[in-house]
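Going down the list, the protein sequences come from chains A and B. My numbering puts the first residue of the first sequence at 1, with every later residue one more than the last. My numbering puts the first residue of the second sequence at 1, with every later residue one more than the last.
By construction, these hints were calculated from the structure, which means they are not laboratory data. If you're wondering where the values come from, they're calculated on a predicted model, not measured in any experiment. Backbone N, C-alpha and C fix where the C-beta goes; we use that ideal spot for every residue, glycine too. Misleading hints may appear alongside valid ones.
What the hints assert, rightly or not - Listed next, with one range per pair, are the computed distances between beta-carbon atoms:
id: 1; chain 1: A; residue 1: G106; chain 2: B; residue 2: D100; range: 32 to 40 Å
id: 2; chain 1: B; residue 1: P40; chain 2: A; residue 2: R336; range: 50 to 58 Å
id: 3; chain 1: A; residue 1: R104; chain 2: B; residue 2: D44; range: 53 to 61 Å
Said to hold, decoys possible - According to the in silico footprint, chain B covers these stretches of chain A (three or more CB under 8 Å from chain B):
id: 4; segment: 9-20
id: 5; segment: 26-40
id: 6; segment: 161-172
id: 7; segment: 182-193
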Amino acid sequence: MTLMAEPSSTGRFGEFGGRFVPETLVPACQELEVAFREAWADPSFRLELHEILRDYAGRPSIITECKNLGRELGIRLVLKREDLNHTGSHKINNVLGQTLLAKRMGKKRIVAETGAGQHGVASATAAALMGLECKVYMGAVDVERQELNVFRMRLLGSEVEAVQSGSRTLKDAVNEAMRDWVATVESTHYCLGSVMGPHPYPWMVREFHRVIGDEAREQCRAAYGADPDVVVACVGGGSNAMGIFSGFVDTDARLVGVEPAGGAAVGRGVPGVVHGMRSYLMQDEYGQVQEAHSISAGLDYPGVGPEHSYLASIGRAEYPAVTDAEVIDAFQLLARTEGIIPALECAHALAWIAREAHAFQGKTVLMNLSGRGDKDVAQMMEILK
Amino acid sequence: MSQTPAAPGSTAYGRMEQSFRDKRAAGRKLLVPYITGGLPGWEDALRAAVAAGADAIEIGIPFSDPVMDGPVIQEASQRALDAGATPVSIFDQARSLDVDVPLAVMCYYNTVHHAGHHRFAEQLVAAGVCAAIVPDLPLEESGPWCEAADASSIETVMLAAPTAPDDRLPRVCARARGFVYSVGLLGVTGERSALAATATALATRLKAVTDVPVLVGVGVSNAAQAREAVQVADGVVQGASVVRRLLEGGAEAVGEYIAEVRAAIDD
Ligand SMILES: Cc1ncc(COP(=O)(O)O)c(C=O)c1O
């Protein structure tokens, strides 16, 4: 079987995925699946998306070799610079794809969940560009730690609602966005921010991020005449990781998705069903979903996209975890050695590389720098005081 | 409490469906209150609802991520979880309720999935529960659970939504046991000032394609709205309006409210 192809007709990657949604949303998911399939096969849609990614988001994003840090670690360290995209992270790739599709489907409004606020900012941005109404749900805890992004979303004309239920982080923001969608499904598209949720989202969002891996593969071949030995990305829901993995799944590269120790869905979870999908999930002995705990709001999620569960189950990708303390070090390390302040999310990927580099000395390591750290500076200032 | 399973093609209905069909034939409209299991005082509230004329009870199994529920039932679920409720503790309590109406559970799918389909079905049987409503398990994903439920004679109530195209409704009804849950509006559970037009519209569409009892639930918020809904439907499920009374006024308030709704739909 070809890896990272289309899921089965029921939206399965192996035994993961599916469409576990209230009956009200089934027709909307079916309609979205048909619309995406048609659009993705339509050269005019692909061209329009390509142009908007180029002329608005600033693609292709470059790759940067970290000569200083690479020397220190004894590896060739290459960053895929998704931090340089408009709005500062990879999230814009998916959002421009979904909003173009929403317009094509005749939707007037989008709703989105956000953790760190990067997907919310990207959604608010695309909504402003395309003339769509936009409402973003964000856990009250995250509203507090990512104040700046809340202001940005409002500046861009979106409504932001602080979600007070449950753990008041990303998982609860997803619940609230789904509740909104159940009530407004006829006029509204749910612009989900990662490779999770019911079919067709995990597949569709991966396809919208595939551009990361496709570009990086060409760039690595042009620069080094070879594929990287190791490809590393952080994993919350798993969209930036899926994007970069998709370019290398058919090579010999080792694929590594790094989870936070307090939100290690693959590492510590067992299969469960929440947010429309069957996937690894942190839960208690009765199936109550557990709260994740991470320094990074964008990775504070107890589940993971179903295709990651599949890649883990067949052994094609591995999902180690790093601690908050290791992440704080990595955040500062990249700033000091390379003059690049990473988002706390992708500092997880770097933390793993820094810890494990001794095991792959001299190898080429490609890391997805999924976003820039501006949003995290205030939080880090407090932590480092 | 368990019945012999209906042979394929036989007309032997489960306990809840048989009871509902008999009552419907006798001209009675069906009233099913929802009560959050494990919420302090829930057993008394359940008995009060039965004494006031409920035809069955839907016991909510609290879940950490109730996507189909609005603020009232979310709060009740959270309070029940905070009080230490688990599916197993609720089943233990249900077993000794000693009420003579059919009991159903409303639970999110992960609760079933985590226990295992067969094991969960047997837990329901042991608790004296005869039916299950799983609001995030749509028709396409329902196969494995329904198979286990059928084998244990647990009736799986299917939900039908206003967004369903015409060709979907007969397929949903064909898989429904006990009753068809006709979702009253586009949205989550919670009280609304008026019965949505979608409520009677969908119930009418369902009545045209099935003889399984059709009950309207979600957004049926008071006695007058219940009365309006049963002009078309065979009965109503009352959720947030019951749970709010339980949270605010305890079992007595629930009993009074159910008596009021009973009178309105009998009238
Ligand atoms: C910069 C950045 N990277 C990664 C993530 C995590 O998302 P995903 O795992 O879907 O890439 C986020 C989420 O907010 C983010 O802002």
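Right, here's what the structure says about each hint:
For G106(A) and D100(B), the Cβ-Cβ distance of about 52 Å falls outside the hinted range of 32 to 40 Å, so the restraint is violated. A C-beta distance of roughly 55 Å is found between P40(B) and R336(A), which places it inside the suggested range of 50 to 58 Å. Look at R104(A) against D44(B): about 55 Å separates their beta carbons, and that is inside 53 to 61 Å. For the segment 9-20 of chain A, the stated coverage by chain B is satisfied: 4 residues place a CB nearer than 8 Å to a CB of that chain, which reaches the threshold of 3.
Given as covered by chain B, the segment 26-40 of chain A passes the check, having 3 residues with a CB less than 8 Å from a CB of that chain where 3 are the minimum. For the segment 161-172 of chain A, the assignment as covered by chain B holds, since 4 residues bring a beta-carbon within under 8 Å of that chain's beta-carbons and 3 suffice. Counting residues of the segment 182-193 of chain A whose CB lies closer than 8 Å to any CB of chain B gives 5, which reaches the minimum of 3, so the coverage claim holds.
Of the numbered hints listed earlier, the single one contradicted by the structure is hint 1.
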